[in-house]
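Chemist: Listed here are the chains, written in short residue letters.
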Amino acid sequence: MKQLLSTIAITALTAGAAHAQGADVPDNLEKLSNFQSTGVTEFTFIDQDDDYADQIRETLKRIEMPAGFKIELYALVPDARHMAVGPQGIVTFVGTRKDKVWAVTDRNKDRVADEVKDFAPSLTFAIPNGPCFSKDGFLYIAEQNRVLLFPAAEFFYESPDVAAFNLIAQGDLIPEEEESFNHSARVCKIGPDDKIYISLGQPFNVAPPEKLDLYNEVGIGGIIRLNRDGTDREVYTRGVRNSVGHDFHPVSGELWWTDNQVDGMGDDIPPGEINRQTAMGQNFGAPWYGGGSVRVSDFGYDEMEVPVEVVFPVSETVAHAADLGMMFYTGDMFPEEYKNAIFSAQHGSWNRTEPVGARVMVTFTGDGTLSDDDTVETIPFAEGWKDENGEYLGRPVDVAQLRDGSILVSDDLAGALYRISYEEPGAQ
Amino acid sequence: MRPILLAVLGGGLLAQGIAAAEPEIQDGLIGDPDAGRAKAGQCRTCHGLDGFARIPIAPHIGGEPEGYLRGQLTAFRDGVRVHEMMSVVAKGLSDQDIADLGAWYGAHTATASLPAALDDDAAPAACAACHGADGLGLTGDAPNLAGETSMYIDTQLKAFRSGKREHEIMSSIAADLSNDEIRALAQWYADIELTIAPPGG
Numbered sequence: 001m002k003q004l005l006s007t008i009a010i011t012a013l014t015a016g017a018a019h020a021q022g023a024d025v026p027d028n029l030e031k032l033s034n035f036q037s038t039g040v041t042e043f044t045f046i047d048q049d050d051d052y053a054d055q056i057r058e059t060l061k062r063i064e065m066p067a068g069f070k071i072e073l074y075a076l077v078p079d080a081r082h083m084a085v086g087p088q089g090i091v092t093f094v095g096t097r098k099d100k101v102w103a104v105t106d107r108n109k110d111r112v113a114d115e116v117k118d119f120a121p122s123l124t125f126a127i128p129n130g131p132c133f134s135k136d137g138f139l140y141i142a143e144q145n146r147v148l149l150f151p152a153a154e155f156f157y158e159s160p161d162v163a164a165f166n167l168i169a170q171g172d173l174i175p176e177e178e179e180s181f182n183h184s185a186r187v188c189k190i191g192p193d194d195k196i197y198i199s200l201g202q203p204f205n206v207a208p209p210e211k212l213d214l215y216n217e218v219g220i221g222g223i224i225r226l227n228r229d230g231t232d233r234e235v236y237t238r239g240v241r242n243s244v245g246h247d248f249h250p251v252s253g254e255l256w257w258t259d260n261q262v263d264g265m266g267d268d269i270p271p272g273e274i275n276r277q278t279a280m281g282q283n284f285g286a287p288w289y290g291g292g293s294v295r296v297s298d299f300g301y302d303e304m305e306v307p308v309e310v311v312f313p314v315s316e317t318v319a320h321a322a323d324l325g326m327m328f329y330t331g332d333m334f335p336e337e338y339k340n341a342i343f344s345a346q347h348g349s350w351n352r353t354e355p356v357g358a359r360v361m362v363t364f365t366g367d368g369t370l371s372d373d374d375t376v377e378t379i380p381f382a383e384g385w386k387d388e389n390g391e392y393l394g395r396p397v398d399v400a401q402l403r404d405g406s407i408l409v410s411d412d413l414a415g416a417l418y419r420i421s422y423e424e425p426g427a428q
Numbered sequence: 001m002r003p004i005l006l007a008v009l010g011g012g013l014l015a016q017g018i019a020a021a022e023p024e025i026q027d028g029l030i031g032d033p034d035a036g037r038a039k040a041g042q043c044r045t046c047h048g049l050d051g052f053a054r055i056p057i058a059p060h061i062g063g064e065p066e067g068y069l070r071g072q073l074t075a076f077r078d079g080v081r082v083h084e085m086m087s088v089v090a091k092g093l094s095d096q097d098i099a100d101l102g103a104w105y106g107a108h109t110a111t112a113s114l115p116a117a118l119d120d121d122a123a124p125a126a127c128a129a130c131h132g133a134d135g136l137g138l139t140g141d142a143p144n145l146a147g148e149t150s151m152y153i154d155t156q157l158k159a160f161r162s163g164k165r166e167h168e169i170m171s172s173i174a175a176d177l178s179n180d181e182i183r184a185l186a187q188w189y190a191d192i193e194l195t196i197a198p199p200g201g
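Protein chains in written order, with our numbering: chain A, 1 to 428; chain B, 1 to 201.
Rather than coming from a laboratory, the hints here were simulated on the basis of the structure. Heads up, a few of these hints could be off.
[Stated by the list, open to error] 20 Å max Cα-Cα, derived EDC-like pairs, lysine to aspartate or glutamate:
1) LYS61/A with GLU388/A
2) LYS164/B with ASP387/A
3) LYS91/B with ASP267/A
4) LYS91/B with ASP298/A
5) LYS91/B with ASP268/A
6) LYS100/A with GLU168/B
7) LYS39/B with ASP387/A
These numbers come from a predicted model, not from an experiment.
With the hints as constraints, model all of the structure from the sequences given.
Modeler: Structure below.
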């Protein structure tokens, strides 16, 4: 174990040092990059056993799922957004749209978290929504306008001074004048090519024409990828409005991702999207298309000839449900049909007359071999986070798989993680 | 109307100041809080029915000065202030809708308490004169900042600095602030605990 640790630390130093030094470092990053103490010693711990936990357990009694599935409270995690489960299965890192990243630990492996505390408390985060892990234990956190990397975070997170480096320094992810609060919840994952993929939502409802050249160049309204040493950044995906969830098909290795579509066109259009990308550089139609094949009239986009070849969604979902985090299921716990299926979260609509969403969806993809025109269907898997008045009791954001094959669902309204497990009906 | 008056008088402001700061109130439209409550269905997913925000990107609006609420909704509707969600919802609002929504959220009462570790005297002076050391606005035109997420305040200050959002006072205050200064100011108000009480409560 010790050998592994030092190897990782040295690799990280050589990989990260060049980036860490040149940047304008506003907080403690420089010290952490040099493995120095910052003097910050206090964690914020979240009480796991209060009345609020019982209220959430009451809500979970309402959740309906296929037979054999069970949902339980895993942890109270304020503002819980996207999740990254450590390769060792000890700790799950959870991002927020505020200024904290939470470390959720299940030490005794009873599948309920024992401890929730903030990660790297000496760092000042800005919308650290998107954590992701490499298989060899590097944690990446995609923020509004920076991407940090933490070598061996799963071993070092117990200290407030965890080693940290810039993968992309503050202000280098997007031009600072393009920063916004909305549509800035980044997500990341490491692809089968060992590159890191990072989503970059564009800040508008419909991007104005004068922004498109810049956005195309930077990858705003797209997904970028780069090497894990920060080199060779390129725009992998274009024509995206605001993607907040992606994953790689376990068999085909293709990138699939969700997208949130244009508001203000009515309750029932345009459809939400899950997309399947078969090659780098493909364009998925925003802003000429508002979702699916629905054209957008803002700025006269519907009267323009679409200047690019557009890939249409592999799955159209109900309008305005806000499809966010997604993952392909590769575990052994669930029935065979769920192998390679997508579990995705619908956050729930924000201004639809009749609210829709706030549920976990499933999309069966088989072995992923589809022709270009094939589509798949996205159907409800777990729902019930809406009360009689149409008010949300929870809003699922992301889905992640634990090593035992159960899945975690994050909820940023309730501030919680849930665990969904399966036991064959009648097996007891 | 009464909660606003109380809040403003409590802040020690002269009555003339209120009138000057709240031109929208003078347009003769009287807002109906109950009608506003019904119309708040399209606000509540983000701002809460009581005006306590349910998502980080949305500000708390319960207990804001009615004139401020009206002014911002009108600005979103008319395209003077732009936000990818607010511009969409405000587009269809009538003057009466705006008056009613302002009356509903304005009729709530906001209270703020500083964490034990913070002292009034340490409040950022450039902000506290109008927004209060505890983040409760002292003038009809200054919104409450108590308990807003740091990223919300950060975003607004940067919008004033860049000119994306304009205000006769805020634009000049924000003009020379550095990113670090902005974040520190935002953190002061983010750390304050806000509670919002319903009308008549």
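Chemist: Are the hints correct? Go through all of them and say.
Modeler: Here is how each hint holds up against the structure:
no.	hint	result
1	LYS61/A with GLU388/A	holds, 15 Å
2	LYS164/B with ASP387/A	violated, 38 Å
3	LYS91/B with ASP267/A	holds, 15 Å
4	LYS91/B with ASP298/A	holds, 14 Å
5	LYS91/B with ASP268/A	holds, 18 Å
6	LYS100/A with GLU168/B	violated, 33 Å
7	LYS39/B with ASP387/A	holds, 19 Å
Hint check: violations occur at hints 2, 6; the rest are consistent with the structure.
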